[in-house]
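A.B. asks: Here's the letter readout for the chains.
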Amino acid sequence: MKDIIIDGKKISVKEETTILDAAKELNIEIPALCHRPTVEAYGACRLCVVDVNDGRKTRMVTSCNYPIRKSIEVNTQSERVRKTRGMLLEMMLSRWPNVDVIKQFAAEYKVTKPRFIHPLVDYSSNACILCGLCVNACSEIMWEDIIGFAGRGESRRVVMPFEKHYDACVGCSTCANICPTGAIKMIDDPNQPADSKRIMKYGSKIADEMVLMDEEQCDMRGVGTAHLAQIMNDYDLFPTCNYKFGSHKDAGGLHSDVFKQKYITQGLPDGCWLGCSMSCAKTVEGYELKTGPYKGDKVLIDGPEYETIAGCGANMGIFNPEFVLEANFYCDTYGIDTISFGTGMAFAMECYENGILNKERTGGMEFNFGNEEVGLEALHQMGRGEGFGVIVGQGIRRMKQIFAEKFDLTKKQIKFMQDIGMEAKGMEYSEYVTKESLAMQGGYGLALKGAQHDEAWLIFMDMVNNQIPTFEDKAEALHYFPMFRTWFGLMGLCKLPWNDVEPADNAETDEPAKVPGHVEGYVNFFSAMTGKEIDKHELILQSERVYNFQRVFNYRLGFGTREHDSIPYRSAGPVTIEEYESRAERYDKQLVEKWDYDIKGKTSEEKRDYLRKMREADYQKLCDAVYKRRGWNENGIPTIQKMKELKMDLPEVLAVLKKNN
Amino acid sequence: MKTISVNGNSLKWEQNMTINVIIGKMNYTFKMLVVKVNGELIKKTEYDMIIIPAAADVRIIHLISGG
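Residue numbers (my numbering), protein chains in the order written: chain C, 1 to 661; chain D, 1 to 67.
Hint data in this document are derived by calculation from the structure and do not stem from the laboratory. Check each hint, because a few of them may be wrong.
Derived pair list, reagent style BS3-like, types lysine-lysine, alpha-carbon separation capped at 25 Å [said to hold, decoys possible]:
no., chain 1, residue 1, chain 2, residue 2
1, C, Lys10, D, Lys43
2, D, Lys31, C, Lys495
3, D, Lys25, C, Lys589
4, C, Lys201, C, Lys495
5, D, Lys43, C, Lys2
6, C, Lys201, C, Lys24
7, C, Lys2, D, Lys44
8, C, Lys514, D, Lys44
9, C, Lys10, D, Lys44
10, D, Lys43, C, Lys24
11, C, Lys14, D, Lys44
12, C, Lys495, C, Lys260
13, D, Lys31, C, Lys249
14, D, Lys12, C, Lys589
Just need the whole structure built from these sequences, with the hints factored in.
C.D. replies: Pasting the structure below:
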């Protein structure tokens, strides 16, 4: 820390803080035309000049880019400082006499009419004043360099390359939004929003947050969703060996830093959505493949995302980042989902280790956890449509059927497959361990499309924060979040800007978990885009209509009832003794404190069985509470009354419900 | 033994205990947190400064992130 004095006031600041920022903390205002916290200080306008005395001499510096490294005394209002600012403003006013922002600053320095006329005078009120904000914002906020300065001296101007329209510009409007004079205008918006200025306002809010806070929050620009790998491992949520465990001593091998330092090569906008300031997708270039049809080729890999790292890594008992990259590339190339591949392989590996599969049944492959060679060979078989890989590629639900029909399995083995096969509604689980969060078990089991976390991710709220202790609390969360998150799908919007960066004041809001500032942004985005004013309640209602309609649709097709909301027990608790004993302290404590169970003299098997009985009962109670909150009957079917309330009592819907209610 | 409550869990209280000390003991490595001590919001800049009294109710709320 450095002690400095500004206009007689003392303040202690971190080294490298600029004088402008230090003055702001003391509520001392220094004029600045070309400064914004979101772009690097450029010192173009020089209005922020101040006198600095370092104990040796006094000199005039631009405060926006002067880093404090020793104790100094600053004068922001000395006679020569004010005189210099006045002269600068007079020169600006002589060149751009009708630009509001210059007129306002000039008036503060008693300059209303310049004594001379600039040879390049521009009478436009929207003249470009060459502050450079647009050029720096394009480069630093958007990671593009579409506009830049050309020419020197009096011919200096902002241009696209060769002064022609450059197709790489997608009209993200960041430059237009940051321009202090309105020199840059959006003249062609192909989406034709009802109110483009309102959209720009909320869009630039997210862009500013990404620039100012992302590195300290999720580092989405730096590593993308991969940042979750180490966090999930730290919280015992990182699926390891088919969700048996939530952490592993070798998980550091899959840390996002490993990918960032050794493999990710492009710090560029990813093209997922042109003009997106979050730019979370990452790219690995020049990776030399070790297997498969492109063996030896150097390729570009899109990713890896968190789910791919967990699914094609830890969940298969593999902690080698290059295996993850190779699997990522070939899944993308063959058109195979990395989550279904990872979770499906993990299931097959556990079946192999428990005698349900053997070398004869897998075509000679040793399907043990951690076997990288077999992991890739099975993937190539899937791609080629041959061998045992084809069976794995059909997914867990079919694997369970095929194994039961084809192989001579005991009832116990068939039940074991049901317990460890991590699928719901036929869809493989994504990559989170849910055993210690009942609400998250519901998040997966009650999701309409199957075991996906994108309707509700409640593990922290439930397991870490203890914010939703009762069944009713959990049911409320399992109403609000699925409805809110369904809305992104309805609108075709990405949900990551909702909760992977958060406003600076989010902690001070009444419901930080909902990120109210960003909910407001989405509400405004909808209204500004369509011209139809909505509020946050209407947003939920829009989703509820569709969500309930989908549930009825599922029901019409023979699904959409309690039976189909069931989950494998591995999702709710320890299936094996090995699992129970690996977290025995936790489970023993729960048995005693939550269920008043006397564990004295009990074997691990007895304790595991009692825990299962309790947890399975809790899951059914959770379903009861959620069905009630959602307006469904006890079998999980939307009631006619609910559909009427939602104005979704269409004849076809009523016909389905009346027939069976 | 004096204790504090962290998200409803009991933790041994120590003298000069700060929020950062508690975060370290709980191995809370996630960064998007909202911290309240006896209902009072604690700013990030105060995590090393505020001393936690014995028997305090500490809430270290983890927000949601991820796809």
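A.B. asks: If you test the structure against every hint from before, which numbers come out violated?
C.D. replies: No numbers; nothing is violated.
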